[in-house]
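Undergrad: Take a look at the letters that make up each chain.
Protein chains: 2
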Amino acid sequence: MSEEAVIQPAEELARAIKAEDQSAVLAVAGDLHYADLALAYQDLDEEQRIMLLKSIGPNLAADMIVDLPDSLIEEALDAYRPAELKVLFRDLSDDDRVDILQAVGDEARLRFLGLLGPEDEELTRGLLRYEPETAGGRMTTGFGRLLASMTVKQAIDDLRHKQENTETLSRMYVVDAKGHLIGRVRLRDLAFNTWDTPIRDIMAEVPPEQRVLATADQEEAAQILMKYDLVVLPVVDEFDHMLGIITHDDAMDILQEESTEDIEKLAGIAGEQVEDTYLQTSVMTHFKRRFIWLLGLGMLAIASGYVMLRFEDTLTQVFLLSLYLPMVVAAGGNTGGQASTMVIRAMSLGELDPGTAREVLWKELRLGSLLGVLLGASIAAVTILILPAFRPELPEGVSFARFGCTVALALTAQVITSTVVGALLPIGARAIRLDPAAVAAPAITTLVDVSGMVIYFTIAQALLHL
Amino acid sequence: MSEEAVIQPAEELARAIKAEDQSAVLAVAGDLHYADLALAYQDLDEEQRIMLLKSIGPNLAADMIVDLPDSLIEEALDAYRPAELKVLFRDLSDDDRVDILQAVGDEARLRFLGLLGPEDEELTRGLLRYEPETAGGRMTTGFGRLLASMTVKQAIDDLRHKQENTETLSRMYVVDAKGHLIGRVRLRDLAFNTWDTPIRDIMAEVPPEQRVLATADQEEAAQILMKYDLVVLPVVDEFDHMLGIITHDDAMDILQEESTEDIEKLAGIAGEQVEDTYLQTSVMTHFKRRFIWLLGLGMLAIASGYVMLRFEDTLTQVFLLSLYLPMVVAAGGNTGGQASTMVIRAMSLGELDPGTAREVLWKELRLGSLLGVLLGASIAAVTILILPAFRPELPEGVSFARFGCTVALALTAQVITSTVVGALLPIGARAIRLDPAAVAAPAITTLVDVSGMVIYFTIAQALLHL
Chain D
1 MSEEAVIQPA EELARAIKAE DQSAVLAVAG DLHYADLALA YQDLDEEQRI MLLKSIGPNL
61 AADMIVDLPD SLIEEALDAY RPAELKVLFR DLSDDDRVDI LQAVGDEARL RFLGLLGPED
121 EELTRGLLRY EPETAGGRMT TGFGRLLASM TVKQAIDDLR HKQENTETLS RMYVVDAKGH
181 LIGRVRLRDL AFNTWDTPIR DIMAEVPPEQ RVLATADQEE AAQILMKYDL VVLPVVDEFD
241 HMLGIITHDD AMDILQEEST EDIEKLAGIA GEQVEDTYLQ TSVMTHFKRR FIWLLGLGML
301 AIASGYVMLR FEDTLTQVFL LSLYLPMVVA AGGNTGGQAS TMVIRAMSLG ELDPGTAREV
361 LWKELRLGSL LGVLLGASIA AVTILILPAF RPELPEGVSF ARFGCTVALA LTAQVITSTV
421 VGALLPIGAR AIRLDPAAVA APAITTLVDV SGMVIYFTIA QALLHL
Chain A
1 MSEEAVIQPA EELARAIKAE DQSAVLAVAG DLHYADLALA YQDLDEEQRI MLLKSIGPNL
61 AADMIVDLPD SLIEEALDAY RPAELKVLFR DLSDDDRVDI LQAVGDEARL RFLGLLGPED
121 EELTRGLLRY EPETAGGRMT TGFGRLLASM TVKQAIDDLR HKQENTETLS RMYVVDAKGH
181 LIGRVRLRDL AFNTWDTPIR DIMAEVPPEQ RVLATADQEE AAQILMKYDL VVLPVVDEFD
241 HMLGIITHDD AMDILQEEST EDIEKLAGIA GEQVEDTYLQ TSVMTHFKRR FIWLLGLGML
301 AIASGYVMLR FEDTLTQVFL LSLYLPMVVA AGGNTGGQAS TMVIRAMSLG ELDPGTAREV
361 LWKELRLGSL LGVLLGASIA AVTILILPAF RPELPEGVSF ARFGCTVALA LTAQVITSTV
421 VGALLPIGAR AIRLDPAAVA APAITTLVDV SGMVIYFTIA QALLHL
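Taken in sequence, the protein lines are chains D and A.
Sequential numbering from 1 applies to the first sequence in UniProt numbering.
Sequential numbering from 1 applies to the second sequence in UniProt numbering.
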């Protein structure tokens, strides 16, 4: 139902823009949620975008700009004069402001920082010190900070006085005189207790595992939020000083970005996942992310060809071997890919400690053996029962039974090897601190292609007495 | 920091269980968050699990059991007597109760339903009517329901009277006399307005796109929550009657499950993603999810072998062709895999409408051409410059330049074909209402293996005059 409900206003917006009717644009845009406005914005051409930005003004544009893909942000900001940008930046929450400044070029960042008021500038510069992909880089300082010694009345007065927006009311943390995080308070605790109750008596503890270090990876923060079903996660420094918070909507964005990155790496797509959608991303950007892996894997694949070249005699003596060659090689890629995908995803979900390597290996060894033996048996059966009907040429003294068993044995060996290699490579990559998803997946197929060729021809030579 | 902080209590718990010290188990478990308790539980053997369940009793166990993988839930419940189960089910929120009942067998479900009070049983049976993977199947009815005609005082009295837990205070919706959703109210609106203010004056509208139909897919609900940064999403029926809510933590679980499913399908792993972790899943379950694809793909791969067999003459005349054969074939799998992964992920993220098929095709055609031409040029250069140094045999009248160009042309044709096929297959699968991730990914590699063989040998025959 969400789809249909927003299509009409988006069309109205497009119509108003085409008609160059500024007041109609403002009226329709004002009724749209910023997320829908951001989607509509991306469907416009450059001239229409500027017209939209001019029509709605910096106040209405602020939240929409935060929701745009990084590559469109600087262009959008450049549509406004400095005085308008001052308004825009003042209206943003501190984490949104930091996100925007992280998305623009260095020159623009300095220029925009100069437009902030002295307090905002100091706060923003402080947040920009954290790497973009850490908890500190994603946090906001927009939370209510209370002291344990306050009464409910003092707390409410304090919040009313300081609060920039009402959001802080759902995120109140209690600190001691030195700023250490010691507890949290909910609005209902303030609303349903008498005014002279000390905050100390109504605050709840924040367990150590339900906070995150500012320098921790953003994914760790998202995992903690998800594990403990939190709406807000406090961010602290190494001395447990309360620095900021990460909210559930950020956590969802982070998890979604990381899943997309994992998926892309598994397919051999290099580089950071950009925030742009598939269609917005230019052909050149897509090209750059795919080409390097393809070239490298292509060169490596020549190793498989070299093995084939070396076994020229074997293949030409029993050319029927070529009927099963692609299958044996591909089975390795398929089983290796399955094993590495399962292991890499389990790592991403935080299921596998480094200590579980042996357990994983043992599981995949049993699994690979089971798969290998059953696939081998299937192919032997098919070969022995069906192949003779086609009357292919076999070398003298080689029966269909022997030929079928040869192929089956090679397939079994290839499947077992590939499954174990597929499980081991990501574990090994992590052990030497490489990203398992990026290194393991594309490398596995190529590696087991080579091993498959060697296994197949070696077993054929031995069992067929070539 | 979360990791270290919870390791100690988990070890203490294991020690207390080994010592069979019930009161120590209860003391340690009482301090653990249910998510951590559920993790610790899964590391125990069956006897220890029962000892843990008996020690902590049904009250403390309820939330932990909800957090267990589906396959462990029935066993855990069976540790309790009916009277204890009554307590356990009474303490659960309605959506958690439904989740548990969806996870157990039919016989157990009927037995457990009989333990509920008449009101809870009716409510639960009502929720069980929705499919588990729909918005209705995931929703809870635990929200505050207010009438627009109430005053703030009446609303507070009403909530205080009815509320089972304080959670409802952060989820208050306003309905008309017939139960249609007409607005929402925040606790701060009740707390900071005079008691005689009518709810009508302080409620906010709920835009049509920020609600979801009970019959909609759970993924749609999660996407709406994420798009609009909501903490709670109201669920309605087709007449806009307010039925329940879905919360941000459910949305996060849903998105994570769906990402894992996508990743597994891309690697040719069949069946529903089970809630169990990788290590908990038995070898047989892993086996079943992998074998069927492997067998099917293996049989299909014989088609590649058949093509090779048919081109016996070509290959034996210029056996040097085998040096590049695996590379040309593999390049197809790699480029096809990249293209299909990008398209499938974009579909999952809701970026591609069915109407954008032509746009996608045009982008991948340009991209495939660019990749194909550059990869071809690279391989031609390598062949012409380096190959002569190894003095391989070439048929009379064939220069290294001609041979290099032949290989390059075949590679270019294979890469373009595979990229377009890789992008088209998921789009085609969706058009005939198949799951793009499950059908497209494993099929692509096999398909382009065959096409690669045909392209390679046909171009070689033509250009080398074989």
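Quick caveat, the hints were computed from the structure, so don't treat them as lab data.
Any given hint could turn out to be false.
[Claimed, not checked] Derived Cβ-Cβ restraints for the label pairs, each shown as a range:
id	chain 1	residue 1	chain 2	residue 2	range
1	A	LEU147	D	MET284	41 to 47 Å
2	D	ASP70	A	PRO392	48 to 54 Å
3	A	PHE400	D	LEU361	30 to 36 Å
4	A	HIS241	D	LEU110	50 to 56 Å
[What the hints assert, rightly or not] Which bits of chain D does chain A cover? Going by a derived footprint, with three or more residues having C-beta under 8 Å, they are:
id	segment
5	23-37
6	142-151
7	299-310
8	329-338
[To be verified] A few chain A residues that don't get close to chain D, going by computed Cβ distances all over 10 Å:
id	residue
9	ALA27
10	SER71
11	ASP449
All residues carry an ideal CB built from backbone N, CA and C; glycine is no exception.
Undergrad: Each hint: holds or not?
TA: The hints, checked one at a time:
no. : hint                            : result
1   : A/LEU147 / D/MET284: 41 to 47 Å : violated (58 Å)
2   : D/ASP70 / A/PRO392: 48 to 54 Å  : holds (50 Å)
3   : A/PHE400 / D/LEU361: 30 to 36 Å : violated (46 Å)
4   : A/HIS241 / D/LEU110: 50 to 56 Å : holds (55 Å)
5   : 23-37                           : holds (count 3)
6   : 142-151                         : violated (count 0)
7   : 299-310                         : holds (count 8)
8   : 329-338                         : holds (count 8)
9   : ALA27                           : holds (16 Å)
10  : SER71                           : holds (15 Å)
11  : ASP449                          : violated (6 Å)
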